[in-house]
Amino acid sequence: MDKQFQAIVQMLEKDFGAEVSEFCGEVQAVLPAENLVAASQKLRDKFEFALLSTITATDYGLEESPRFHVVYIFNSLSKNLQLMVRVPVDGENSTIPTLTVVYKNANWRERELWDMFGITAEGHPDLRRILMPDDWDGYPLRKDYPLGYEEPQFTFNFEEIDLSKPKGEF
Amino acid sequence: MSTPYALPEVTLDEIKHLVSQRALDGETVLLNMGPQHPSTHGVLRLLLELDGETVVTCVPDIGFLHTGIEKNMEAKTYLKAEVMTDRLDYLNTVGNNLAYCLAVEKMIEVEIPPRAQAIRVILAELQRLASHLVWLGTSALDVAAMSVFLYAFREREIILDVLELVSGQRMMTTFIRPGGIWRDVPVEFDDAVRNILNTFPKRIDEYEDLLTKNPLFLDRTLGIGKMSLEEALSYGVTGSTLRGSGSDWDLRKKRPYSGYEQYDFEVPVATEGDVYARYLVRIREMRESLKIIEQALDKLPLGPVNSNDHKFVPPPRSELGTSMEALIHHFKLWTEGFDVPKGSVYAAVESPRGELGVFLESDGGPKPYRVHWRTPSFNNLEVLPLMAEGLLVADLVAIIGSVDIVLGDVDR
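Going down the list, the sequences are from chains G and H.
For the first sequence, this note's numbering gives the first residue as 1, with consecutive numbering after it.
For the second sequence, this note's numbering gives the first residue as 171, with consecutive numbering after it.
Don't take every hint at face value.
Dumping the calculated DSBU-like pairs for lysine-lysine here, alpha-carbon to alpha-carbon at most 30 Å [as the list claims (entries may be wrong)]:
| no. | chain 1 | residue 1 | chain 2 | residue 2 |
| --- | --- | --- | --- | --- |
| 1 | H | LYS512 | G | LYS3 |
| 2 | G | LYS46 | H | LYS469 |
| 3 | G | LYS143 | H | LYS512 |
Please keep in mind that the hints were generated in silico from the structure rather than gathered at the bench.
As the structure is a computational prediction, the values presented were derived from the model and not from experiment.
With the hints as constraints, model all of the structure from the sequences given.
As structure tokens, then:
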């Protein structure tokens, strides 16, 4: 771990109850959702993490608790550091506090998060779908959302599939 | 299909806040620009609120090119999923492959031979040149400089010929693979790249003759689309768009990958933060790319181009007939794929547009559990309203050109 990380790790562990680990040379901190805004505020102002690279999530499946991990990648340009923050979120009532108050680009990324995972960013100024159509049903990147496909037509199910095909008037 | 989720309903009241009260009173005009519009560089839709010809609000609407690549990659093995990465940012296919391979290699910890590293750098820089040529041609076309477009696309074809020479494909190369590259470059590669190195400096001079001091071009770009460094950073802007605002953040320099630390090059920076500054940065970047390619080609090491670890890299075709072990490895790799240790990494490269990052999570199996693409165009587009509001529609077109977005990169 980089020496510059020591103070950051200490701050995250002591003040915000984070669990910090290292994987493949990357520092990852698991942070409770209620401390996210305060921690990122401090990361930006005190430790110069000026750039929030991305926000995304991983779905561990319906049965798991917590079901989601929301992942934040922070970058410090002046110190040349990268920090991954993971926030566990429950499957039921999945909400995170919005980061738009700290980083402006959290706006679109949190919209994407809601669009793809159905995780609500509380306090977000404009939470609409961003990539999928506005009236889309479901959250595509959840693990219980099937990867869509067209069923191939064979002899045994020929008529069944033929019925559902659109019939044009010629 | 029925799902347990409630169908979301969007009412007019929910989207009223996007425009000002004056639009609701009918004082200003709402204009739909795109998604089929030549100046939006793809299928970008902008909802514009216009007061005369002045942009009052600009609301980007994206997602027209959403292909679900992140979801699709979860259903494929690591080797097969790579083919999809080309389709994200179709002007920077080599860079996409590189970012993905770096993320995978970070987890499986294979060693990349120096020859493969150098070839990766050469191809990535050639791709950067090609991408910048598309940007130069189209953004000049947006401000009505027609001839630059024709010249830039002529030169781009020379670069795509080199990509075709090494991989058989002009654009969707999938040439860089986890553990190395697909195969060694043919003998003609050296001459073909030297040809580019000899002709390009003069060609870039020609583009500059046409634009850099052209009063019409200056009128359309100087002081247009201003963005300060603080604004750029708070919106997560990276790449040449950020460097046009005064930061020298370049991942090739700050966090070198694939051996970029061996090459001597500069990171062009401009401080004005307008369309012209971003133009200057990209033009200079093209010259720096040529410098990197020349150095990499001059000391291109000999040796293998793939890791020897056949748990991850397919064995050469010649071994399959004689070695049982090679045959087993080949069969396992192309049916089941290789397992990647459990965990998650984030690997980023400097694409022509900015920080292209891959968040890769593995559950220990042969398929990626979750792949997320931190695409630079997505963040660079978000800042568009900030730059465009208060300016003319014609300036908006110049600004879209100057942030260099690729909609395949925005929508994924």
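Right, here's what the structure says about each hint:
| no. | hint | verdict |
| --- | --- | --- |
| 1 | H/LYS512 with G/LYS3 | holds (26 Å) |
| 2 | G/LYS46 with H/LYS469 | violated (44 Å) |
| 3 | G/LYS143 with H/LYS512 | holds (18 Å) |
When each numbered hint is compared with the structure, a violation occurs for hint 2 only.
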